[in-house]
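Colleague: Protein sequence lines correspond, in order, to chains A and B.
At position 25 of the first sequence the residue is numbered 25 (UniProt numbering), and the sequence of numbers has no breaks.
At position 136 of the second sequence the residue is numbered 136 (UniProt numbering), and the sequence of numbers has no breaks.
Don't take every hint at face value.
Claimed, not checked - DSS-like, lysine-lysine: derived pairs with alpha carbons at most 27 Å apart:
| id | chain 1 | residue 1 | chain 2 | residue 2 |
| --- | --- | --- | --- | --- |
| 1 | B | K79 | B | K26 |
| 2 | B | K196 | A | K105 |
| 3 | A | K105 | B | K79 |
| 4 | B | K125 | B | K79 |
| 5 | A | K30 | B | K271 |
| 6 | A | K105 | B | K243 |
| 7 | A | K105 | B | K194 |
| 8 | B | K271 | B | K54 |
Bear in mind the hints are in silico, worked out from the structure with no lab data behind them.
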Amino acid sequence: MSQSYDRGLVEDFGRWREFSAGMWAWVFHKFTGWVLVGYLFTHIAVLSTATISAEAYTQTIVGLESLLVIRFLEVGLLAVAVFHILNGLRLLFVDLGVGLEAQDKSFYASLALTGAIVVASVPTFLAGAV
Amino acid sequence: MSTQVTEQETETEEQSSHQRRRLEEKAERAASRDRMRERAENDLDEADTTFTLKVFRYDPEIPEKEEPRFDTFEVPFTKGMTVLDSLMYARDHYDSSLTFRHSCRQAVCGSDALFVNGTQHLGCKTQVVDLGDDGGVPGEIRVEPLPHQEVVKDLVVDMEHFYDQMEAVEPYFDADELPDGMEEQRQTRENREKIKMSSRCIWCGACMSSCNVAAGNNEYLGPAAINKAYKFAMDEREGENRKQERLEIIEQEHGVWRCQTQFSCTEVCPKDIPLTEHIQELKREAVKNNLKFW
Chain A
1 MSQSYDRGLV EDFGRWREFS AGMWAWVFHK FTGWVLVGYL FTHIAVLSTA TISAEAYTQT
61 IVGLESLLVI RFLEVGLLAV AVFHILNGLR LLFVDLGVGL EAQDKSFYAS LALTGAIVVA
121 SVPTFLAGAV
Chain B
1 MSTQVTEQET ETEEQSSHQR RRLEEKAERA ASRDRMRERA ENDLDEADTT FTLKVFRYDP
61 EIPEKEEPRF DTFEVPFTKG MTVLDSLMYA RDHYDSSLTF RHSCRQAVCG SDALFVNGTQ
121 HLGCKTQVVD LGDDGGVPGE IRVEPLPHQE VVKDLVVDME HFYDQMEAVE PYFDADELPD
181 GMEEQRQTRE NREKIKMSSR CIWCGACMSS CNVAAGNNEY LGPAAINKAY KFAMDEREGE
241 NRKQERLEII EQEHGVWRCQ TQFSCTEVCP KDIPLTEHIQ ELKREAVKNN LKFW
């Protein structure tokens with residue numbers, strides 16, 4: 001064998017149509033995980049205004065909440081958090097070796113439940129803003 | 001002097017007779033190629049259904065094939081045809097240089113794991129009709145070598161790394177002590193049931209090729225090797241010491257912990273081994289092995 005050919009990452013994201021349930025669950029779990037880590041850091045920026053004065057903090061919060069885009073982002077944040085929790089529970093069962101043959105169904109169930117919870121939350125999050 | 005001349009003469013005579021034979025053989029081969037092609041044309045005319053086989057081609061030793069490309073072959077469908085059958089048809093009728101591994105043709109030897117229509121399949125175990133959208137014969141089947149392994153020629157990949165990982169888990173029965181006065185080492189029915197599925201592995205490498213983690217981390221043992229480790233670690237006849245040694249191999253940094261439970265391996269395994277389940281069980285064993293509550 002004098003030479004061989006490295007095809008590289010054949011199954012890259014370009015093949016996303018061929019991804020299976022387990023792969024999507026993994027992709028979404030990583031993505032939502034990073035979004036939640038990012039959200040933790042925004043707390044530093046917002047909460048640190050309280051070190052200036054109580055009014056400054058209140059003003060920041062009220063100012064943020066008056067922006068429509070923030071209301072929508074909050075809906076998105078809830079979606080991300082709920083999916084991460086539900087899929088986390090699914091992974092807990094996978095780790096315990098319970099119901100591994102239903103792992104794809106439990107992924108679809110966590111997606112559906114996330115969707116339902118997010119839709120139900122929309123009136124609360126957008127109240128007074130739209 | 002004179003002897004030398006006669007020697008030369010006989011040599012040229014021999015050469016010419018050799019050459020004649022070679023040319024004759026060559027002509028015969030060309031004729032047989034034409035016959036096969038003709039036969040293929042007949043087959044295609046007679047067949048009710050045909051499909052296109054799109055095959056990955058690469059050969060570093062031939063200038064025209066140095067640059068990887070896809071070749072298409074028109075194959076007549078026959079009932080019960082597998083992907084391997086269609087590859088063999090293409091090789092026998094169109095291009096004898098089409099290269100792929102195969103041996104037993106009944107999903108036992110594990111030679112013909114291929115990337116068929118974007119998923120790892122065993123060529124001999126995959127029915128052409130199962131690849132169509134509505135359970136019919138598909139218009140086109142795309143056959144590629146297994147991803148994440150280097151291609152040697154056409155559909156043949158370098159399996160060396162896969163075999164290295166398999167060897168790393170010491171995949172052979174190795175009991176602490178042998179029972180006295182008995183030739184057999186009996187296994188309980190329950191224990192046999194427990195390791196039954198894991199013992200079905202045929203070393204085809206489909207799981208390893210489908211694994212996203214193994215693709216990016218060459219040190220990761222991979223599903224097949226961990227499954228092998230499971231087979232022996234769970235075998236009660238080996239004894240505690242050997243099990244301990246086995247657990248030490250699989251609980252290394254690039255052992256079971258790299259599994260991200262994407263279930264890709266479990267989905268492509270042609271022998272339906274619950275690979276993820278076995279990996280998860282070994283993870284629990286590893287945790288239990290290291291947790292001490294006193």
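Colleague: For every hint, state whether the structure bears it out.
Modeller: To see whether the hints hold, each was checked on the structure:
1. B/K79 x B/K26: 35 Å, violated
2. B/K196 x A/K105: 26 Å, holds
3. A/K105 x B/K79: 34 Å, violated
4. B/K125 x B/K79: It holds: about 14 Å lies between the C-alpha atoms, which stays within 27 Å.
5. A/K30 x B/K271: Violated - the C-alpha atoms of B/K271 and A/K30 are around 30 Å apart, more than 27 Å.
6. A/K105 x B/K243: Given pair A/K105, B/K243 is violated - Cα atoms ~35 Å apart, limit 27 Å.
7. A/K105 x B/K194: 25 Å, holds
8. B/K271 x B/K54: 26 Å, holds
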